[in-house]
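**Q** Each chain, letter by letter, is given below.
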Amino acid sequence: MNIQFREHPEQVASIHAKTAIADCDIHPARATRTELHPYLATRWHEHLETYDKRPYHGMMDGPPYPKAQPNAARRDAYPPEGGPQGSSLSFMQQQHLDPNNVVLGVLNPLATGQGIRNHELAAAVCSAINDWQIDKWTSKDSRLKGSIVVANEDGPAAAAEIRKRAGDANFVQVLLLSRNVEPLGQRRYWPIYEAAEEAGLPVGVHAFGFGGNPLTPSGWPSFYIEEMVGHSQCQQTVLASLILEGVFERHPTLKMIMIEAGFGWAPSLTWRLDKSWQRLKSEVPHVKRPPSEYIRDHIFWTTQPMEDPERRDHLSDVIEWVGWDRLLFATDYPHWDFDEPTRVLPPGVSEANREAFYLNNALKLYGLSE
Amino acid sequence: MARHVVASVDELPPGSRKFLTIDERPIAIFNIKGEFFGLLNRCPHQGAALCEGPLIGLAQSSDPGEIKYTRLGEIIRCPWHGWEFDIRTGQSYCEPKRFRTRAYPVSVEPGTAVVKGPYVAETIKVSVENDYVVVEL
Amino acid sequence: MWLPSYLWRLHKFWRGIRMETPWVDRAPLEIVRSNIRFSLQPIDAPSDPQTLNRLFDHMQSDELPLFSTDYPHWQFDGDAALPEGMSPALVRKVMIDNPYATYGRLKQAAIRETMS
Chain G
1 MNIQFREHPE
11 QVASIHAKTA
21 IADCDIHPAR
31 ATRTELHPYL
41 ATRWHEHLET
51 YDKRPYHGMM
61 DGPPYPKAQP
71 NAARRDAYPP
81 EGGPQGSSLS
91 FMQQQHLDPN
101 NVVLGVLNPL
111 ATGQGIRNHE
121 LAAAVCSAIN
131 DWQIDKWTSK
141 DSRLKGSIVV
151 ANEDGPAAAA
161 EIRKRAGDAN
171 FVQVLLLSRN
181 VEPLGQRRYW
191 PIYEAAEEAG
201 LPVGVHAFGF
211 GGNPLTPSGW
221 PSFYIEEMVG
231 HSQCQQTVLA
241 SLILEGVFER
251 HPTLKMIMIE
261 AGFGWAPSLT
271 WRLDKSWQRL
281 KSEVPHVKRP
291 PSEYIRDHIF
301 WTTQPMEDPE
311 RRDHLSDVIE
321 WVGWDRLLFA
331 TDYPHWDFDE
341 PTRVLPPGVS
351 EANREAFYLN
361 NALKLYGLSE
Chain L
1 MARHVVASVD
11 ELPPGSRKFL
21 TIDERPIAIF
31 NIKGEFFGLL
41 NRCPHQGAAL
51 CEGPLIGLAQ
61 SSDPGEIKYT
71 RLGEIIRCPW
81 HGWEFDIRTG
91 QSYCEPKRFR
101 TRAYPVSVEP
111 GTAVVKGPYV
121 AETIKVSVEN
131 DYVVVEL
Chain Y
1 MWLPSYLWRL
11 HKFWRGIRME
21 TPWVDRAPLE
31 IVRSNIRFSL
41 QPIDAPSDPQ
51 TLNRLFDHMQ
61 SDELPLFSTD
71 YPHWQFDGDA
81 ALPEGMSPAL
91 VRKVMIDNPY
101 ATYGRLKQAA
111 IRETMS
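Chains as they are written, first to last, in my numbering: chain G, 1 to 370; chain L, 1 to 137; chain Y, 1 to 116.
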């Protein structure tokens, strides 16, 4: 019998990846509106039902959905038991973690308390999200590790949350977003870096966020595609700010990760920063070394969405310039711009580089190597 | 090239699709307004199950702000990155020469013809009163 | 030098969300190559000529850069308006051919002068 029928559509099984991989950007979702309630004080239940979350977002109240696909996620990622994509641990295991041999999955929850104007609510929701990560995800699957989500616009509250979770092995990093009220290098955010360095935790900066500012320095773009491309510009602002405000001078052991903004822009930004710093360093005497050195010592990038030039040798050039030891593989599951692990690298990459790219860099950065 | 009987016409009403595997190839059969199409259910981009995506129309424009929307239901959009594929040819809209999935000819045959053969052995019970959807691989 | 990676990202997304902006009826890469030009300074490239030439290769078109100095701004040092390591053919394109192709009136002015 060479024809088999299926009642329901089923995802075509991926080519089973034999390589063990680390996925440094997974987005867990809440299945229902009230899933976070057990982790939130009762007063917030009523508050959220009545006032909801009010983000820093100029010109509109919240992010537009759907974004090209429902919930900006793969259409085949709906869990069979219901709920949005990414809200079911068992389905995530079945569809992604198991077949793709993900041995380390870093959770980056979105739509949390970050970027919310009511700072007290922001802190409460962030803390609830952190509890929820442990309860629903990391305590149930040891491959998954959480990110400490913090009220980014409230330095002291954010620092307190980091200190509270500092010794907890469920978490491997602190999470920020790339769009904030001010560029991330500024003083307002320094308590976060201080607490993170103290705790020995890297800080991941994920694309998007709410700051009340346009995505681009030239105004509000009209289309979703402009937003998708604009994340890389946004992240460049973040990186330049971090370096030029002297964050790495103050925190010499802090590591930071640029998440979901690509990495192809990194070499040219580095060269440009160095050139400008050569001439303008009297404006920023606290920046004692060339920017490229700080970048070398402190910065990592996740790979998704993977650079996809027409000529694959161009990709190899860019990775050489950024450094094979600076890239952390990520899929962005369950979002639609997901990178299938077996399809991202051109052929001819050395075994050592492949292992670094897919797993070892992440293990080392997050302190999980044996 | 073999012809496979995959369903009776009643089982595949307009707007529906059926997923199956033939010779280890994942295939989907569509009925779009009475016409039948078959596609390999694998996106040439990164291997997603292409045929689980929505069927949409084709948006074209010659002037910013103006959109002509035609060919309703004839474009399938990959559930992952959203690439558009023409259900008739399997070609992607963005790079039709470079990225395409296999399109298989699908026809409707009366039961009387099917009963006679030559068709590859299948699980469908065939009766001469019905019409059947036949895909050629 | 930010251009190649920007275009890769734009192209990658355009392939999937083209329908939001269907008047973009050619790949954005092609539109840039046919319609957009870039003045050279300030050039954010490394001093190493080999890397610089790889970057020009990434642009996949030698018709994009137009020579410029940004005079009287201070961004480059004296004569170093043109980075080292560019082939003579590329230099000619950047300094002469591309500007003429872009600014239609320049050529006409030059022709008038030589004829008078």
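Everything labelled a hint here was simulated from the structure, so no lab data went into it. Only a predicted model underlies this, so the values are computations on that prediction, with no experimental measurement involved. Heads up, some of the hints might be wrong.
[Claimed, not checked] A few chain G residues that don't get close to chain Y, going by computed Cβ distances all over 12 Å: (1) Ala20; (2) Arg33; (3) Arg54; (4) Asn101; (5) Val103; (6) Glu197; (7) Trp220; (8) Gly230; (9) His251; (10) Gly262; (11) Arg279; (12) Asp337.
[What the hints assert, rightly or not] Ranges of calculated distance between the beta carbons of each label pair, as one might list FRET restraints: (13) L:Ala113 / G:Gly348: 27 to 37 Å; (14) G:Pro156 / L:Leu72: 48 to 58 Å; (15) G:Arg343 / Y:Glu63: 30 to 40 Å; (16) Y:Glu84 / G:Ser350: 23 to 33 Å; (17) G:Arg187 / L:Gly15: 26 to 36 Å; (18) Y:Gly85 / G:Gly219: 29 to 39 Å; (19) G:His119 / L:Thr70: 43 to 53 Å; (20) Y:Ser39 / G:Pro156: 39 to 49 Å; (21) Y:Arg92 / G:Pro99: 24 to 34 Å; (22) Y:Gly85 / G:Glu120: 50 to 60 Å; (23) Y:Gly104 / G:Asn118: 56 to 66 Å; (24) G:Leu368 / Y:Glu63: 43 to 53 Å.
The beta carbon of each residue, even a glycine, is placed where N, CA and C say it ideally should be.
**Q** All hints, please: hold or fail.
**A** Consistency of the hints with the structure:
1. Ala20: holds (27 Å)
2. Arg33: holds (28 Å)
3. Arg54: Given that every Cβ of chain Y is farther than 12 Å from that of G:Arg54, nearest at about 28 Å, it holds.
4. Asn101: holds (25 Å)
5. Val103: Label holds. Min Cβ-Cβ 27 Å, cutoff 12 Å.
6. Glu197: holds (30 Å)
7. Trp220: holds (16 Å)
8. Gly230: Violated, because the least Cβ-Cβ distance between G:Gly230 and chain Y comes to about 10 Å, which does not exceed 12 Å.
9. His251: holds (27 Å)
10. Gly262: About 6 Å separates G:Gly262 from the closest Cβ of chain Y, which leaves it inside 12 Å; violated.
11. Arg279: violated (7 Å)
12. Asp337: Nearest chain Y Cβ is 7 Å from G:Asp337, so the label is violated.
13. L:Ala113 / G:Gly348: 27 to 37 Å: The hint (27 to 37 Å, Cβ to Cβ) is violated, given that L:Ala113 and G:Gly348 are roughly 52 Å apart.
14. G:Pro156 / L:Leu72: 48 to 58 Å: holds (56 Å)
15. G:Arg343 / Y:Glu63: 30 to 40 Å: At roughly 32 Å between Cβ atoms, Y:Glu63 and G:Arg343 fall inside 30 to 40 Å, so the hint holds.
16. Y:Glu84 / G:Ser350: 23 to 33 Å: Given a distance of about 31 Å, which is inside 23 to 33 Å, the answer is holds.
17. G:Arg187 / L:Gly15: 26 to 36 Å: The hinted range 26 to 36 Å is violated for G:Arg187 and L:Gly15, with Cβ atoms some 59 Å apart.
18. Y:Gly85 / G:Gly219: 29 to 39 Å: holds (37 Å)
19. G:His119 / L:Thr70: 43 to 53 Å: holds (51 Å)
20. Y:Ser39 / G:Pro156: 39 to 49 Å: Holds, since Y:Ser39 and G:Pro156 (Cβ atoms, about 46 Å apart) stay within the stated range.
21. Y:Arg92 / G:Pro99: 24 to 34 Å: violated (54 Å)
22. Y:Gly85 / G:Glu120: 50 to 60 Å: Given a distance of about 58 Å, which is inside 50 to 60 Å, the answer is holds.
23. Y:Gly104 / G:Asn118: 56 to 66 Å: holds (58 Å)
24. G:Leu368 / Y:Glu63: 43 to 53 Å: holds (49 Å)
Violated hints, in rising order: 8, 10, 11, 12, 13, 17, 21; the structure is consistent with all others.
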